[in-house]
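Based on these hints, arrange chain B on the given structure of chain A.
Protein chains: 2
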Amino acid sequence: MVWQKQILEKLLETKEALSAINSADTRRKNDFLGLLANQLRTRKSFLLEANQQDLRRAGTEYSPAFVDRLTLTPERIEKMALACQEVASLPDPIGQVIWETTRPNGLHIQRVRVPIGVIALIYESRPDVTVEASILCLKAGNATILRGGKEAAFSNQALVELIKYSLKQSGLPETAVNLITAGGRRAVPFLLHQTAMVDLVIPRGGENLIATVVKHSRIPVIKHYKGVCHTYVDRQANLDMAVRVTFNAKVQRPGTCNATETLLVHREIAPRFLPRIAQEFRAAGVEMRGCPVTRTYIPDARPATETDWGQEYLALIIAIRVVNSLTEAIDHINRFGTRHSDAIVTDDLEAAREFLTKVDAACVYHNASTRFTDGGQFGLGAEIGISTDKIHARGPMGLEELTTYKYLIHGNGQLRT
Amino acid sequence: MVWQKQILEKLLETKEALSAINSADTRRKNDFLGLLANQLRTRKSFLLEANQQDLRRAGTEYSPAFVDRLTLTPERIEKMALACQEVASLPDPIGQVIWETTRPNGLHIQRVRVPIGVIALIYESRPDVTVEASILCLKAGNATILRGGKEAAFSNQALVELIKYSLKQSGLPETAVNLITAGGRRAVPFLLHQTAMVDLVIPRGGENLIATVVKHSRIPVIKHYKGVCHTYVDRQANLDMAVRVTFNAKVQRPGTCNATETLLVHREIAPRFLPRIAQEFRAAGVEMRGCPVTRTYIPDARPATETDWGQEYLALIIAIRVVNSLTEAIDHINRFGTRHSDAIVTDDLEAAREFLTKVDAACVYHNASTRFTDGGQFGLGAEIGISTDKIHARGPMGLEELTTYKYLIHGNGQLRT
Numbered sequence: 023m024v025w026q027k028q029i030l031e032k033l034l035e036t037k038e039a040l041s042a043i044n045s046a047d048t049r050r051k052n053d054f055l056g057l058l059a060n061q062l063r064t065r066k067s068f069l070l071e072a073n074q075q076d077l078r079r080a081g082t083e084y085s086p087a088f089v090d091r092l093t094l095t096p097e098r099i100e101k102m103a104l105a106c107q108e109v110a111s112l113p114d115p116i117g118q119v120i121w122e123t124t125r126p127n128g129l130h131i132q133r134v135r136v137p138i139g140v141i142a143l144i145y146e147s148r149p150d151v152t153v154e155a156s157i158l159c160l161k162a163g164n165a166t167i168l169r170g171g172k173e174a175a176f177s178n179q180a181l182v183e184l185i186k187y188s189l190k191q192s193g194l195p196e197t198a199v200n201l202i203t204a205g206g207r208r209a210v211p212f213l214l215h216q217t218a219m220v221d222l223v224i225p226r227g228g229e230n231l232i233a234t235v236v237k238h239s240r241i242p243v244i245k246h247y248k249g250v251c252h253t254y255v256d257r258q259a260n261l262d263m264a265v266r267v268t269f270n271a272k273v274q275r276p277g278t279c280n281a282t283e284t285l286l287v288h289r290e291i292a293p294r295f296l297p298r299i300a301q302e303f304r305a306a307g308v309e310m311r312g313c314p315v316t317r318t319y320i321p322d323a324r325p326a327t328e329t330d331w332g333q334e335y336l337a338l339i340i341a342i343r344v345v346n347s348l349t350e351a352i353d354h355i356n357r358f359g360t361r362h363s364d365a366i367v368t369d370d371l372e373a374a375r376e377f378l379t380k381v382d383a384a385c386v387y388h389n390a391s392t393r394f395t396d397g398g399q400f401g402l403g404a405e406i407g408i409s410t411d412k413i414h415a416r417g418p419m420g421l422e423e424l425t426t427y428k429y430l431i432h433g434n435g436q437l438r439t
Numbered sequence: 023m024v025w026q027k028q029i030l031e032k033l034l035e036t037k038e039a040l041s042a043i044n045s046a047d048t049r050r051k052n053d054f055l056g057l058l059a060n061q062l063r064t065r066k067s068f069l070l071e072a073n074q075q076d077l078r079r080a081g082t083e084y085s086p087a088f089v090d091r092l093t094l095t096p097e098r099i100e101k102m103a104l105a106c107q108e109v110a111s112l113p114d115p116i117g118q119v120i121w122e123t124t125r126p127n128g129l130h131i132q133r134v135r136v137p138i139g140v141i142a143l144i145y146e147s148r149p150d151v152t153v154e155a156s157i158l159c160l161k162a163g164n165a166t167i168l169r170g171g172k173e174a175a176f177s178n179q180a181l182v183e184l185i186k187y188s189l190k191q192s193g194l195p196e197t198a199v200n201l202i203t204a205g206g207r208r209a210v211p212f213l214l215h216q217t218a219m220v221d222l223v224i225p226r227g228g229e230n231l232i233a234t235v236v237k238h239s240r241i242p243v244i245k246h247y248k249g250v251c252h253t254y255v256d257r258q259a260n261l262d263m264a265v266r267v268t269f270n271a272k273v274q275r276p277g278t279c280n281a282t283e284t285l286l287v288h289r290e291i292a293p294r295f296l297p298r299i300a301q302e303f304r305a306a307g308v309e310m311r312g313c314p315v316t317r318t319y320i321p322d323a324r325p326a327t328e329t330d331w332g333q334e335y336l337a338l339i340i341a342i343r344v345v346n347s348l349t350e351a352i353d354h355i356n357r358f359g360t361r362h363s364d365a366i367v368t369d370d371l372e373a374a375r376e377f378l379t380k381v382d383a384a385c386v387y388h389n390a391s392t393r394f395t396d397g398g399q400f401g402l403g404a405e406i407g408i409s410t411d412k413i414h415a416r417g418p419m420g421l422e423e424l425t426t427y428k429y430l431i432h433g434n435g436q437l438r439t
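Chains A and B are the protein sequences, given in the same order.
Read in order, the letters of the first sequence correspond to residues 23 to 439 in our numbering.
Read in order, the letters of the second sequence correspond to residues 23 to 439 in our numbering.
Rather than coming from a laboratory, the hints here were simulated on the basis of the structure.
One should not assume that every hint holds.
[As the list claims (entries may be wrong)] Here are the simulated EDC-like cross-link-like pairs (lysine to aspartate or glutamate), alpha carbons at most 20 Å apart as the crow flies:
#: 1; chain 1: B; residue 1: Lys-186; chain 2: B; residue 2: Glu-376
#: 2; chain 1: A; residue 1: Lys-66; chain 2: A; residue 2: Asp-90
#: 3; chain 1: A; residue 1: Lys-37; chain 2: B; residue 2: Glu-376
#: 4; chain 1: B; residue 1: Lys-37; chain 2: A; residue 2: Glu-229
A quick note: this is a predicted structure, and the numbers were derived from the prediction, not measured.
Just chain A, with the same shape it has in the complex:
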């Protein structure tokens, strides 16, 4: 029972830090962010060494993509430092009055933004999540529990050491960010039962991780699930624009969750559009997997199977399907999509309106690339991820989405009658 005790002690410690973090003033939180940026820069070699330990241990057991996500480089560390500075520059959401009213009986009611409390991040091999999550949670007045993948244990430990040092130097409790390493595979289910200690769980990772968290959690969860994004080229699309937007959505950075995975094309425009986009895709080395109708226009496309619809390739692969109508496109997306980001290319405003209304996704685009789903691109600042849930936060989840609210009611002796 040693690991349970270790976890509970960490949770208790974190919860005890809450009151100081909840009410920390903006200057102090920004001091922390500045100090951490500085630490990341001056202790780069310490971080790279820790990361080397993880990489050596990983050896050749893992896929290149996995190893890439695990790897820290001087550039990636500099990116973390820049993220600290960016978060420092964002307005502090805590204490904002969202709404207020004075009732006929004189009661003054304010709805005020407050921190959520203790937020647990459960993630895989990316050590940069350790910093991103901690700094966003902290700026929003929350304490953070981190449970990263064991493959990144040395890197995470080193990063948390810098975070704790910076917290202490800025006069904040260093227990406001805690890494949980005990317990092995049993730790996550155990953690997910501690409803008295943790207010929100954010899982970031693959399908299995999310499924495990949803299965075990008694604590509210906001899922950052995969992005199976669609681009639909309508019969009234501008051909040049359709080619440019589709190509960008697939090719510009295929490893991201907002990259398009499936292309839907209206049958009336397919004969003119498909050969043109196929030419671009071929030149960029994109593997095409098409429905039978698609393959009449793109003979070198491989046949798509049922598992291609709804597949998140995160690679230079695209599934292509010709549809008979706008309705068929919408139905396909609502069936196979993950409610992340979907786009229509069309000059028909009525079709665009219908698509944007009926597609059930966090972000729906008219004549633009799905790649724009990003807190920075939306002007919302840094984000902890893209929520594919509908409850509390949808789409890019930034500082505001890491808060809740409470009602403050001031009276002078009002009684209910």
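Then chain B, alone, in the frame of chain A:
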């Protein structure tokens, strides 16, 4: 496997109604509400007869409080009809633009309020929840799955018949509200696994019901948990106001979740305050259970035991504890409260500020009765209940809290670079 099939068919039916309900215009939704108000009034005897069947079946097996919650009366039915009219008069939240921006690249981004989708209500014996939940969900563009207690089966069936009739008459799919009766005790865990069919679960009821739902659900849950509300009389309280506010918070309607259950009193004001409030409580027949210090001022108070702190009596009983400081009061509330509603009575503005900041509850009051926690009293309109969760909705949960949002992004061919 018959009951599973029955439940899945109902869920599928409900999901298929979504697109019509999601995009229904305000007039049509209000037509439905008007028709239902009319139905409730003209078919009162039909409802009372169905309710009689439930009451006969309940017999003498249940507590008077249970039977009271189960009972329909002409007045209660009229209250439901009035609720329909009230919800019709509320502004339609759907389609509201919450935020918008045009980015330097010309992308126009709107954050727009949309329905959540299919909402499942899981509740106990109160048939009025059937109507309240359905009309609020529907006005916010959602479809509703109802799973009421089996004790109210006839009443719920009759009410849902009127709801379906009114939906049909107003040109909306009658499957937008569905009652699930199959499956017995296994139905709720089964329902709570249907993540593809249900977007949100709202349990309303006792501790066991909530615990069951939280344990089994793979779907996001917003808990409407019990209200263990506190009133704290600070050392600098106005004595007359403290007596009036405390008395109102306990006695005005003790069976509600926003009634005060525990009274905390600063030791410096205890000698003057406790004898006065005890006199009022005695006259009103309130049973007092006090800590040892309390009993030195109220000799007839029964000794409070550890289980009295955090107890929701829903009756004319109050737990009383004398505390040494504001901090002790705050710590007591954060330990034993249910994050619902808590009040401080004081003329010390600094103490009030500290209390309102540090007490972790949906509604925190300064110099007013906890009884005001209510959508109507806050000017928010009708509510589906009081959320004791922090995620998505906190405190009175009205129409806006039954919605989510999506981002609509209009471009003219923007590409990410």
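Hint by hint, here is what the structure shows:
1. B:Lys-186 to B:Glu-376: With Cα atoms ~50 Å apart, Lys-186 of chain B and Glu-376 of chain B exceed 20 Å; violated.
2. A:Lys-66 to A:Asp-90: holds, 18 Å
3. A:Lys-37 to B:Glu-376: holds, 19 Å
4. B:Lys-37 to A:Glu-229: violated, 24 Å
When each numbered hint is compared with the structure, violations occur for hints 1 and 4.
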